[in-house]
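Chemist: If you read the protein sequences in the order shown, they are chains A and B.
In this text, residue positions in the first sequence follow the numbering used here: the first is 1, and each later residue adds one.
In this text, residue positions in the second sequence follow the numbering used here: the first is 240, and each later residue adds one.
These are calculated hints, taken from the structure and not from any lab test.
Heads up, incomplete: computed chain B residues facing chain A, CB under 8 Å, no partners named:
1. Leu241
2. Arg248
3. Asn252
4. Arg551
5. Gly560
Okay, the calculated beta carbon distance ranges per label pair:
6. A/Asp214 - B/Gly622: 51 to 59 Å
7. B/Trp637 - A/Ser83: 16 to 24 Å
8. A/Glu140 - B/Gly622: 45 to 53 Å
Beta carbons: idealized from backbone N, C-alpha and C, even for Gly.
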Amino acid sequence: MSDSAASRGGSTPAVAIRDLRFAYVAGRDVIDISALEFAAGETVFLHGPSGSGKTTLLGLIAGVLAPRTGHLTLLGTDLSTLSSGARDRFRAAHLGYVFQMFNLSPYLSVRENITLPCRLAASRRSRVTDPEAAAQALAERLEIAGLLDSRVTALSVGQQQRVAVARALIGAPELIVCDEPTSALDADRRDRFLELLFANVAEAGSTLLFVSHDLSLAGRFDRTLALRELNRAATMGGI
Amino acid sequence: MLLLSLAWRSLRNRAVISGLTLLSIALSVALLVGIEHIRRGVRESFAGTIKGTDLIVGARGGTTQVLLSTVFGMSSPTGSISWATYERWRAHPAVRWTIPYALGDAHKGQRVIGTTAEFFTRYRFRDRSVTFTEGGPPATDREVAIGAEVAERLGYTLGSEVVLAHGVAAVSFAEHTAHPFKVRGIIDRTFTPIDRALYVTLDGLTAMHEVEEGAGGLMMGPPTPQTEGPAPITAFLVGTKNRFETLQLQREMNEDRAEPLTAIIPGVALAQLWQTIGSAEVGLRVVATLTLIVGLIGMCVALFASLESRRREMAILRAVGAGPRTIVSLLVLESGVLATLGALTGVAMVYGGIVLARSAVEARFGVALTLHPLGSTEWIYLGVIVVAGTLVGLLPAWRAYRNSLADGLSPSL
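Next comes chain A alone, as it looks inside the complex (with noise of 0.2 Å):
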């Protein structure tokens, strides 16, 4: 795929699919996508109920998974060009990813647990000056300072997932992947949760894709897609 072809102002697209098929077994797909692509700085509702292959999905664009065949393009590079260490770094330069819940390391405080990938990976760190100061300034942001030293056995679900977004954002990555990040949280908090999550996905520039069940939520983002209707395979009874 060009990137002339990007939908948004002739930029490279965040996330580019092409004939990307995927199997955890050989000769039963479970990923089928002919063509998908995310424009950079677009918010994405992805609509996935389970069996629509999303978890398999969200792990190729992550580059845990390695696609069996096709193209999967993240900010013009191919991941099937990449060794799986090279991806591991891919994914931490440059991607922050929210889970649907135990978002995080229970033996970290806080503010240990938002900048663990500046911690982990050279290439994150140096998206940032101070890490300290960025997980700080997320953290106000995201309405968590005053936690940013207790132990994360102590919040709420709703303050973990905060965390978990602070944590994703650090180092504004090009890509948040939000796996169902809601589906814990009650309504009020939910929406509390979506507000402050867009915000600081603004603030950092990123794409956002957000996976959820919940169509309810799909009004507030750029685009909304159907995985089952991308997806060839999904009909075919994935996982």
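Please arrange chain B on chain A, whose structure you already have, making use of the hints.
Modeler: Quick look at chain B alone, frame taken from chain A:
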């Protein structure tokens, strides 16, 4: 450095299991290193039982028997040596001093040794000579000096009356009641067989037996009083003028045609004896090594058991950019940290234990435990333990690696 800190924090997070694992490794290390220390202490005490003596001479017999009967108060003498033979060797130009030993009598199961004043001036153990808590060496044929343990066990003090018996059994029917001895001196504790012996003069021994004979008492075995000259002895210790002449003198004595003798070099005989009884230490070492293996397996099990619950933790690390290799390193580091800390704790336990128990052990067993730095054997042990501990971590690490590849960012929990 980050990984080490993560490994440490992670271990601390599972403090109870980590602590118990560390303790089990520490205990097995302590056992291994402790045995090494005790072995050395025992060996030094053993080798120090007799010092400064160049030759021990007994009637022709086994090397070990001569050593055991003379120095350790065990087994029976190989036979008797006539006074004339003793005199002849004492006059040998290479000989500087001699200490005669006449064994064969006992007092309530404790050995009685007939000797001369030379014993109290010449005999050396661990580079110390025989000293007295109270009193002094026997001067007349009715005086006895007793070892510290004899005094303690039998409750004797200076002036106590002691009746000696023939033979070494605790209960003897042939008591030399007609010739009692008085305690003249109590010897300082030596932690050698001296503590368990009674010392009388050769004259005392002879006088006792003569009285017996005159009274028509029984006589059994050596030493048999002779009609002329002093009674025979059972052994004698020799100090040579020149150490280089020792071997020559030993050969001459062993080839003595007039009276067959066995002359042994104490150091050599002790080393031989140690080799025989030292095989027990191999057994101890085997047990300690097995304990260590159990400890390492325990650590492996603890790490394996933790893996299931840590899949989420691994996924988090993966999400922030850690590769499977980082996961492997983390687990290997954890086992390495546990093994290293376990080894250090074990060594600390040994040294702490020695400091606390040193005086008690010396008083009780006569084994001087010293705080010497780790020897090469111990360093090899520790190196092997740390390396083996780290390598053991590879097993759960391999499993974690497989898990992290299979799980990616979505551990199936």
